[in-house]
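Given next are the chains, with one letter for each unit.
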Amino acid sequence: MRVTVRYFARVRERLGPEQTCEWGADAPRTVGELWAWLQARSPAHAEALAEGQGLRTALDQALCDTDEPLHDGAEVAFFPPVTGG
Amino acid sequence: MALLHRHVAVQAADFDLSREAGLLAQACDQVGAVVSFTGHVRAWGEGSVALELEHYPGMTERSIGAMMDAVAERFGLIGVRVVHRVGLLPVGQQIVLVAVAARHRHAAFQGCECLMDWLKTQAPFWKKEVTTQGGQWVDARVQDDDALARWGLAGIQTNLSPDTAG
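Just so you know, the protein sequences line up as chains A and B, in that order.
Just so you know, numbering that gives the first Met the number 0 puts 5 at position 6 of the first sequence, and the rest follows in order with no gaps.
Just so you know, numbering that gives the first Met the number 0 puts 55 at position 56 of the second sequence, and the rest follows in order with no gaps.
Just so you know, nobody snuck in bad clues.
Quick list of simulated restraints, FRET-style, between CB atoms:
1) Pro56/B to Ala35/A: 22 to 30 Å
2) Glu74/A to Gly75/B: 31 to 39 Å
3) Ala24/B to Ala61/A: 27 to 35 Å
4) Gln135/B to Ala45/A: 19 to 27 Å
5) Val141/B to Arg1/A: 34 to 42 Å
6) Arg73/B to Glu21/A: 37 to 45 Å
7) Gln142/B to Asp59/A: 26 to 34 Å
No wet-lab data here; the hints were simulated from the structure.
Positions of the beta carbon are idealized from the N, C-alpha and C atoms, including for glycine.
Construct the entire structure; sequences and hints are all you get.
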């Protein structure tokens, strides 16, 4: 399974704009499982994606909860609370 | 009355309020009211230089479009135009335009305010304050979620973490 992960704002500044993740077996099943998997990648990931910052998630460019199931080719984004307008 | 005129743009370029309002006024002969909101970059303290606006291309346009349709249906709007600028915007520059047309003023005032409150808390934009000393990301304000709640709409700035994964 292959998933594109995109980061924005302060998360992007730490981890770059995007990364592609691929798994044979043991792929994360949900956005929340992907989040935990990414946190374990490096100390920078653990810090940039730490809980308690109110990070939001989107699946295929729509806001989603962490229990949303992943699929092959999915685009998942992690970003801080939005501050437009 | 159906939504006849709909436009959303995310762009670096500035916009012309009178042109935008004029396009809405001409949407059809039933337009009796046009209300617009324009947001500007305000100086926020010593050394304020600019705001830097980042967005999520694709998702931004889609999410604003969905909000426009929902607000138009709720208030019976005839036309809606949203322009949101991105990139480096010096103090005094225009950032955002929300303009709506309706048959009567109450629907137009309410539709414009509701859409602006919604956009503020749900459209994927992030602001960084740039000063003579450097840059700092702006934190989301809980008051913005409160403003949205007045319309009976839930905020999304709630605290989530992997622990909440079901």
